[in-house]
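The whole structure should be built from the sequences, with the hints applied where relevant.
Numbering (this note's numbering), first residue to last: 1 to 315.
It is worth saying that the hints were derived from the structure and are not from the lab. All of these numbers come straight from a predicted model, not from anything done at the bench. Please note: incorrect hints may appear among the correct ones.
Restraint ranges, calculated between C-beta atoms of paired labels, are given here [said to hold, decoys possible]: (1) K219 <-> N102: 25 to 33 Å; (2) F38 <-> M120: 34 to 42 Å; (3) Y308 <-> K219: 20 to 28 Å.
Backbone N, C-alpha and C define an ideal beta-carbon position, used for all residues, glycine too.
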Amino acid sequence: MKHIEKYMLEKMHDFLKPIDTIWQPADLLPDSSRDTFFNEIKELQESAQGLSYDLIAVLIGDTITEEALPTYESWLTMVDGVSKDEEGGWMKWTRYWTAEENRHGDLLNKYLYLSGRVNMRMMEVSTQYLIADGFDIGTGTDPYRNFIYTSFQELATNVSHRRVASQAKKQGDTLLSKMCGVIAADEARHAKAYKYFIEKIFEVDASEAMLAFEDMMRKKIVMPAHFLREVGLKIGQTFGHFTDAAQRLGIYTAVDYVDILKELIEDWHIESVTDLSAEAEKARDYIMKLPERLLRVAERMKNPMLEYKFTWING
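In structure tokens, the structure reads:
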């Protein structure tokens, strides 16, 4: 972690944008100081009325996931090699990354509040539960496993927000489409950062990096909202319904999971990594064969048709 810290600090401003000039939620939302505010809200609500039930459900689930940032920041500060010195490089990265991510939940939350489609109290209860319940993503405090996880996760959120943007545009909500588009662009930059960190780790500790990659893929990458629940439900009971809605719409599917794995294998040049231990060579073999195996499973999966009524959605 000390070795790659200097590379991270050199590249940090390629992966994160200046705070004074990056977009803020206020740039995309109706301005309450203008005379046109109520007309803009009316237009926003009219567009939101045309969004399908499943799309609203996915958007709420994505928003709650983004709003659980206190959990993610505290988790990253516990990773081995992150000095608790506020001026330390990794702590600086964590703070700045969190600050960029924080805008996503702010923007989507305000949009949903103004849309009139959402029971905000029920959604807010789910958000509080998700933060209070925490999460277990199988990485422990190991930086290799954590950065493999975040590489995968940032790519997954990019796909999800990009697809919601596309669906929103098709369903007549150009404002929501623009919102999700700018969020997706942030996630793509963040994915490049975490992929770069792992790339640097492979240069100096290839065997351990390979073993960590294998371990994370054997466990499967779980989404950060996998403990998602609603009022009166147990931990994780709502998550399956959220992912079913995403699968039905093609927002995020089992095939997307495989495609992300393929992208990481290619970007980290897994096939051509040298100087591996015998155990790491076996790990590489497992990783290289995994996409084909997972694709066969994905192709056999049926599209979930079960309808579920979320407490979050009005009507």
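Honestly, do Y308 and K219 meet the 20 to 28 Å range at C-beta? Taking Cβ atoms as reference, Y308 and K219 lie about 27 Å apart, which means the hint holds.
Beta-carbon spacing of K219 to N102 - inside the hinted bounds 25 to 33 Å or not: holds, 28 Å
So the hint says 34 to 42 Å: do the beta-carbon atoms of F38 and M120 match that? violated, 19 Å
The structure is inconsistent with hint 2 alone, although it conforms to all the rest.
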